[in-house]
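J.: What follows is each chain in one-letter form.
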Amino acid sequence: MVGKRIAQTPQGIGPLGKRRFAPPPSSIIWAVAIALAALIIYVSGELVLLMILSGMVAYLVNPLVRRAESVAIRRGVAVTAIFLGLATVLLAAAYLLVPRLRAEVNALSSSFPSITQRLDEAIDAVQQEITSEYPAAHRLFPAREARYDRLNAFIEEQTANLPNLVSYLATIVLAGVLIPFFSYFLLRDSRKMIQSLMDRLPPAHIETSVAVWCEIERIIGRYLRGLAMDGMVIGTAAALGLWILGVNYPLLLGGFSGLANVVPYLGPVLGGGVAMLTALIQFKSLAPLAKVLMLYLSIKLLDDVVIQPTTIGHSVHLHPMLLIASVIVGGHAFGLIGMIVAVPAVTVLQEVTKLLLERRRYRTGTLVAHPKRGIPIQPFVC
Amino acid sequence: MAKLRWREWATDPEQLRRLQLLEKVPLFAGLSRRHLGKILVKLFEKEYDPGQTIFLEGEPGKALFIVLEGKVSISRADNSGDQPLATLTPGAYFGELALIDDLPRFATARADEHSALLILYKSHFDELIEGHSAIAIRVMGNLLKALTGYVRSAHFRMTSHIVTPAASATAPEPSERPA
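Same order as they appear, the protein sequences are chains E and H. Take any residue in the first sequence, count from 1 to its spot, add 9: that is its number in the working numbering. Take any residue in the second sequence, count from 1 to its spot, add 55: that is its number in the working numbering.
The set of hints was computed from the structure by calculation and includes no laboratory data. These numbers come from a predicted model, not from an experiment.
Here are some, though not all, of the chain H residues that point toward chain E, as calculated from beta-carbon distances under 10 Å:
no.	residue
1	W64
2	D67
3	L71
4	R73
5	R88
6	G92
7	K93
8	V96
9	E100
10	E102
11	D104
12	I109
13	K117
14	A118
Using N, Cα and C, we set each Cβ at its ideal position, and we do this for glycine too.
Assemble the whole structure, with the sequences as input and the hints as a guide.
T.: As structure tokens, this is what we get:
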């Protein structure tokens with residue numbers, strides 16, 4: 010009887026005449042959520058950047074957590090133990106490497122004021138070496154005064170932003186504390202977050218949602234872990250090679266090459282360029298320059314043929330033009346982080362769109378599934 | 056004693072329960088605990104209310120489902136309406152054909168009572184198969200056994216229907232049914 014009365018009341022009016030709460034349509038909720046997210050990104054860009062970096066760290070550490078989870082160890086215990094282990098490893102590495110790195114940084118900073126002059130001298134020496142072999146090449150080089158002025162202007166322009174870097178030191182230190190903090194909680198609670206999302210999803214969309222989530226996780230996880238591994242191998246190989254060739258600052262240059270390697274195409278050029286410049290200033294001769302070039306070309310070849318296929322694998326299926334375009338757009342929008350994140354982001358977008366379109370075509374009947382072509386079908390069963 | 060207590064404290068009872076259930080799933084029969092653990096971390100859990108549809112016949116399928124709790128019925132529509140194929144209880148699995156081909160779902164799955172299901176996405180399954188030959192051999196062997204079971208039971212039903220229509224009533228209900 011009561012049920013009947015409720016059913017007969019106008020929409021939104023309860024049995025006692027009170028107005029019942031009617032939830033707003035989902036499109037309004039989505040619009041509000043997107044507007045809020047955009048506002049947060051606009052107001053606190055630095056926080057978003059920190060969250061992205063924390064997410065990247067979490068993705069890198071996640072395989073270790075999963076390994077612990079596979080033997081039914083509590084996620085919280087596993088994450089705490091892994092973070093303590095990582096902190097110990099990092100402290101040990103810092104203890105071993107920091108004195109050497111500090112010495113290299115000190116040597117570099119003491120030689121910095123005279124860098125234009127030293128570079129000019131090195132270029133001059135190389136020019137003389139070339140013109141003594143091929144006198145006709147003399148016409149190709151500009152006059153020394155003009156070159157010195159241009160070089161000076163270029164280096165001044167490039168180093169103009171260096172004082173700003175010092176002012177960012179506080180932010181960098183804060184990030185060093187906040188990133189492990191955020192990534193710890195992201196890792197510890199990610200399963201709960203996913204589960205609560207799964208509980209809220211309507212059953213009709215569960216398979217599509219799981220498929221989309223798995224694709225995102227697969228692409229981003231494999232890309233970031235591969236990139237980190239790739240960077241470490243490249244950095245170590247470059248540092249070792251430069252040390253063998255007797256180039257100054259091998260640890261700094263190796264570290265820089267490893268870091269720069271995360272930016273597709275441009276990174277290896279930048280890493281190799283800086284190492285060649287250092288070799289040019291140090292040796293003032295063409296032969297060591299060629300050796301450094303050969304070292305970086307060999308590393309790039311090794312990277313393309315052996316390292317990348319085993320680390321990043323086939324997680325990224327982007328057309329080279331789309332890849333470059335996404336790196337440029339990412340760089341313009343979010344700087345270095347944008348350049349790193351652009352490739353997996355565009356890959357995710359591409360794969361998820363493909364997946365959703367396929368399902369849509371299935372539902373609308375425009376896609377008729379056929380057994381894979383080329384596979385012979387057994388005409389009988391026995 | 057202290058070691059045992061520490062182990063108990065560090066163990067996740069929910070994950071342990073899932074792991075113990077996976078040991079009973081026929082598809083994963085013969086796999087070591089280490090390998091079951093690799094499957095365990097790839098699973099998603101979803102709860103369904105009684106009567107809720109898990110998937111519909113003809114929809115694209117991309118995942119395997121394992122019954123963790125509750126009861127799930129599998130049915131297939133024909134001219135005379137929905138024909139029940141099987142009722143599944145904890146430890147049973149369905150939707151396995153999605154792991155093999157990209158064809159639409161063969162049957163409809165519905166929760167008969169409040170049920171919790173574990174979901175294994177096809178790409179994760181493919182990754183496991185590609186990365187671990189021991190898992191691939193066991194799981195593919197079990198999948199083949201299940202498929203031969205479907206073929207034999209379908210063949211038996213067809214022939215018994217042709218020879219003596221009455222015999223089909225006594226034929227074993229397809230406990231192994233493709234979904």
